[in-house]
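Participant: Now for the letters of each chain:
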Amino acid sequence: METEQERDSSPPQPGRRWVSALLGAGVLASIASFLYPALRYVLPPRIAESTSSSVVAAKVGQLKDNTGIVFRFGSEPAILIHTPDGKYVAFTAVCTHLGCTVQYRSDLHEIWCPCHNGMYSLTGQNVSGPPPRPLAAYKVHVQGEDIVVSRSA
Amino acid sequence: MAGIYRRIMSWVDERFGTGSVEEFLRHKTVPIHRHTIWYYLGGMTLFLFIIQVLTGILLLLYYRPTASDAFESVQFIMTQVQFGWLIRSIHSWSANLMIFLVFAHMFSVYFLKAYRKPRELTWVTGMLLMFVVLAFGFSGYLLPWNTLSFFATKVGTDMAGFVPFIGKWILIFLRGGKEVTGATLTRFFGFHVAVLPGLATLLLAMHLLLVQRLGMSTPPSVERAIEQGKEQRRSMPFFPNFLLRDIIGWYAALGVLGALAAIFPWELGIKANPFGSAPAGIRPEWYFLFMFQTFKYLPAKVLFLDSELLGLAVFSLAGAVWVIVPFLDYKAGFGKVTRFFTGLGIFALGYIVLMSALALRT
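One line per chain: the protein sequences are R and S, in this order.
Here the first sequence stands for residues 168 to 320, where the numbers follow our numbering.
Here the second sequence stands for residues 874 to 1235, where the numbers follow our numbering.
One or more of the hints may lead you astray.
Stated by the list, open to error - Pair ranges (Cβ atoms, derived):
hint, chain 1, residue 1, chain 2, residue 2, range
1, R, Ile-214, S, Ile-1197, 53 to 59 Å
2, S, Ile-1043, R, Ile-214, 38 to 44 Å
3, R, Arg-184, S, Thr-902, 28 to 34 Å
4, S, Ser-1189, R, Leu-190, 47 to 53 Å
5, R, Asp-252, S, Gln-953, 46 to 52 Å
6, S, Val-894, R, Arg-184, 30 to 36 Å
7, R, Val-186, S, Ala-1193, 51 to 57 Å
8, S, Gly-892, R, Val-209, 35 to 41 Å
9, R, Asp-252, S, Asn-1146, 55 to 61 Å
10, R, Ser-273, S, Ile-1043, 55 to 61 Å
Unchecked claim - Every beta carbon over 10 Å from chain R, so not counted as near; a handful from chain S, in silico:
hint, residue
11, Trp-884
12, Asp-886
13, Tyr-913
14, Ala-940
15, Pro-991
16, Phe-1024
17, Gly-1063
18, Glu-1100
19, Leu-1133
20, Glu-1140
21, Ser-1180
22, Leu-1183
23, Val-1196
In case anyone wonders, no lab produced these hints; they're calculated from the structure.
Beta carbons are placed, not taken as given, at the ideal position from N, Cα and C, and that holds for glycine.
Based on the sequences and whatever the hints tell you, model everything.
Facilitator: This is the structure:
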């Protein structure tokens, strides 16, 4: 296109400018209409999340004193700990630093994130290492044989 | 704006030598004559191939290549993912249009004798590309794991088993076992998204390099008319004149594809059941119909040969002859009229059209 204009020494006609503008707008509009479906396609459709706010994490007697297990709570892992003094506590198992899954360290009596050596106390408080915030705590109560964990809210 | 552009280009040129490419493009021309229209088919095929690559990558975001998940994942794409039906339908439609264009491109090149010296290798790489494209079609057909594709694959791979001596081995290699199972699906997926794209890229690069180096062939009939002074030799610059015409064609093709995909979304069918019966009216994709129909007409035994073996042998031989046709029809390279090969082309085209039509009627 440019070469033709260079060859053409007379100033561009107003009609021609209109045609170019219309052509350009048309091309831009069609490119947008090709890209829009592709962009929408790339974003995954929302999948209904499990809405339950409580889950049976374990059976009574399954967890010895001073041990912990990681279980599924909705779409995320959570941790249930039978503390050395015989209490049950539960937290989200997603480390507040970079999202690794934490574990219970029986030898240290603390919750440990192996990715960057983050430490949390048995109240979920971040005590050493890089984690910036405490782990969110869940409620635990025993219903018959079941240990039920529920969201605090 | 133009100043910055020029400075960037000269920066790149100093390091990469883009100037020689520009120089080449400036001098490249495309002959103009009454058959010029056929020059657009190759570019159009390339465009649809690019569409296949792009939509194929998008499909990969959600597709799962296992017997238990494949059908459901395509169903998910068609019903849950936004515009998923559009992307998949475009992939299917574009695949079929591309195969049609490959055939059209091949026959136009054949009848215009564009394969004659010095373009023999362009023809050979083009033929190999066609086989790759057919393999793309065959392997991709299985991926949605529906009844039709399952049985088409069963029959198609079964035929490979008739190859003398190594048939059993080929069959097991293709199927990943003795039967068509989830292992076959995973294998075909690998062929479809890794092996064949690699091969296609390599062959395409060679094909395009040859086309650029040798330029477009002027058909012998036009060449003779020019020699006899009945016609003037005319041409247009490749860049931008021919390329802009190409782009208009691609733009139109995209419109046609979008319309086809929107009005006739590609069906998904019923999930394959490896232990169910083959449905009535089963047949392969249209581009394999002429072979399928031939196999129907062959008697069970011809002399001492099984019909499948005979059919396979004839088609392999015909395919091989077709690949090396520039070397058989070498006289066309000296400007001779070679009616026999034109006749052979008409016979091949007629045979394919007739057999496909017969298969479609029944």
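Participant: For each hint, tell me whether it holds in the structure or not.
Facilitator: Verification of the hints:
Judged by the Cβ atoms, the range 53 to 59 Å given for Ile-214/R and Ile-1197/S holds: they are separated by roughly 55 Å. Evaluation of the 38 to 44 Å hint for Ile-1043/S and Ile-214/R yields a pass: the beta carbon distance comes to about 42 Å. For the pair Arg-184/R and Thr-902/S, the supplied restraint of 28 to 34 Å holds, since their beta-carbon distance comes to about 30 Å. At roughly 50 Å, the beta carbons of Ser-1189/S and Leu-190/R sit within the given window of 47 to 53 Å.
In this structure the supplied range 46 to 52 Å holds for Asp-252/R paired with Gln-953/S, their Cβ-Cβ distance being about 49 Å. At about 32 Å, the CB distance of Val-894/S to Arg-184/R agrees with the hint of 30 to 36 Å. Separation of Val-186/R from Ala-1193/S is about 53 Å and conforms to the stated range, judged on CB atoms against 51 to 57 Å. Checking the proposed 35 to 41 Å range against Gly-892/S and Val-209/R shows it holds: the Cβ atoms sit about 38 Å from each other.
Distance hint check for Asp-252/R and Asn-1146/S: the Cβ-Cβ separation is about 58 Å, which falls inside the suggested range of 55 to 61 Å. Take Ser-273/R and Ile-1043/S: their Cβ atoms lie about 58 Å apart, and the range 55 to 61 Å holds. Residue placement check: Trp-884/S keeps its beta carbon more than 10 Å from all beta carbons of chain R (closest about 20 Å). The Cβ of Asp-886/S sits about 18 Å from the closest Cβ of chain R, beyond the 10 Å cut-off, so the non-interface label holds.
No beta-carbon of chain R is positioned within 10 Å of the beta-carbon of Tyr-913/S; the least distance is around 20 Å. Here Ala-940/S stays apart from chain R, with its beta-carbon at least about 23 Å from theirs, past the 10 Å limit. Against chain R, the non-interface label of Pro-991/S holds: every CB pair exceeds 10 Å, the least being about 31 Å. Every CB of chain R lies more than 10 Å from the CB of Phe-1024/S, the least distance being 30 Å, so the non-interface label holds.
In this structure Gly-1063/S is separated from chain R by more than 10 Å, as the shortest Cβ-Cβ distance comes to about 24 Å. Listed as a non-interface residue, Glu-1100/S keeps its Cβ farther than 10 Å from every Cβ of chain R; the least gap is roughly 32 Å. For Leu-1133/S, the requirement that its beta carbon stay farther than 10 Å from each beta carbon of chain R is met, with the minimum near 15 Å. Every beta carbon of chain R lies more than 10 Å from that of Glu-1140/S, the smallest distance being close to 20 Å; the non-interface claim holds.
Every CB of chain R is more than 10 Å from the CB of Ser-1180/S (nearest about 46 Å), matching its label as outside the interface. With a least CB separation of 47 Å from chain R, Leu-1183/S remains clear of the 10 Å interface cut-off, as annotated. Here Val-1196/S stays apart from chain R, with its beta-carbon at least about 37 Å from theirs, past the 10 Å limit.
The structure shown violates none of the earlier numbered hints.
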